[in-house]
Each structure stands twice: as C-alpha cells, then as structure tokens.
Amino acid sequence: MDLERFKEKNKILKAITLIILILGVILLNHFISPVDISGKNNSEIGLKEAYYYLELGDSEVQCLLCPRECILEEGQRGVCGVRQNIKGKLYTLVYGRPVAVHVDPIEKKPISHLLPGSKSFSIATAGCNLGCRFCQNWQISQVLPEEIRSYDLPPEKVVQLALENNCQSIAYTYSEPNIFYEYMIETAKLAHQKGLKNIYVTSGYINPEPLRELCKYIDAANLDIKGFTEDHYRKYCLGKLQPVLESAKI
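Counting in full-length UniProt numbering, the sequence shown runs from 1 upward without gaps.
Calculated directly from the structure, the hints in this document are not laboratory data. Treat the hints with caution; some may be incorrect.
[Stated by the list, open to error] Straight-line Cα separation of at most 35 Å, DSBU-like style, residue types lysine-lysine; simulated pairs:
(1) K157 - K235
(2) K194 - K235
(3) K157 - K194
(4) K48 - K87
(5) K235 - K108
(6) K194 - K89
(7) K89 - K216
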C-alpha cells in the first residue's frame, strides 16, 4: 500500500515538474525575446579606428582603453581579440557588429530603480578583456569576431529598433561593453538624442579617461566586482582587482 502511494505521489510530482518547465519556457520566450534582423554574416567585421591609443613608431601601437594597455605590432590583436594593429593604426573589429541582440526586461540587467517594468534593448559583440573561469556568456565573450555570426547593426539602427520595440533604454551587456567602446558610446549619444536611457553592464576593467567620457552618456550602471582579492582576480579572471575598484569610484 505504501509503495502504491509512493508511486502515485511520484507521478504527481513528475507532472507538476513538467508543468513548471513548460511554464518556464513560455515565460522565457515572453520576457526575453530576440530581435528579428536579417543580414547575418559569419565573416564580416566592423572596422573603425579606435579612440584611445598611441602610435609608438615602427608600426607599433599601444591601446589605452583598458588596464592591459597592450603594445601591438603590425597585425597583432589585443587580449580582447577585437582590437588590431592594421598598418600602424589601432582598429576595433566589432563596430556595428553585435552577436547578441535581445529585448529584455530591465530587471534582467539587473537594474531595479530605473524605469521598473520597462523593456531594454540589449546588445553585445564578441570579445572580452578578462578571462573569467566562471563566465556565463563564454560562447560570445571568449571568441574572435570572425568565429561567430554577427548582425550588421550600426548605432542609428540600434536606436531605431529600440524605439520600434517599445524599449525605453539600451543596455550594453552580456559580454563586456568596454571592448566595443566606440560602438557603445556612439550608440549612447544617439540614444540620448531620441530620449532613450543608456545602461552599462560591465566588469569595470577600463582606464579612467575613457570611462569618464563614457559616463557623460550613461544613466545607470551595474559594475560587477567578481572578488575582493588580487589573488582571486589573477587566478579566476586573468586580471587585476585595483583597476576595477578605481572604476567603481568614478
């Protein structure tokens, strides 16, 4: 008798679990919806001269965007994988080429006190300047731009789609927006002109000067401090803690 009761309860639990899973999928599709955009292409990259770098002579350049400050010879890329020395000048390879484009609830950023209940048009490109062992978006953050499909989506198109999808903000998120700095800041400027807010979801691994310039156009930020010791950052993020703390102060 006890065995029969156990089997019956087990069936009920399985049925409840299945119902919960189905409801979860329905809710996920409702609240996190990818945007329908044509024109995907595996091979194209978005070239634009970088905003923060030095020409060192002999075709060498030094990137000044993040604390790594990579020194690159002709043809070399930075640690992020998306900035390359091309004929003695530094270029971003992901300008206008996001690999993730979604309409999310703003609470997913997570932002709780700006436009609660609203939708945020969310974008990301390939690449990252950290190498976190626990990255949940490693499929896009730890690849080169030519290794993953991307959209042809310049800043003006991002703003247009955000408005068409009834979003009140644009979020730079998922991977690491610092590595698509030029794309982010140009989009953010246009967004403000159209009355949209800008949300910056970041590791904070960026130099002070570009961060201060960016903050002129940012309305809310979620800076993710991934640990509280240099040892943790060195072992698990392949970076340093101190620059992140400096960014948090700014």
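Check your understanding: Failing hints, ascending?
Key -> Checked against the structure, the hints that fail are numbers 1 and 2, while the rest are satisfied.
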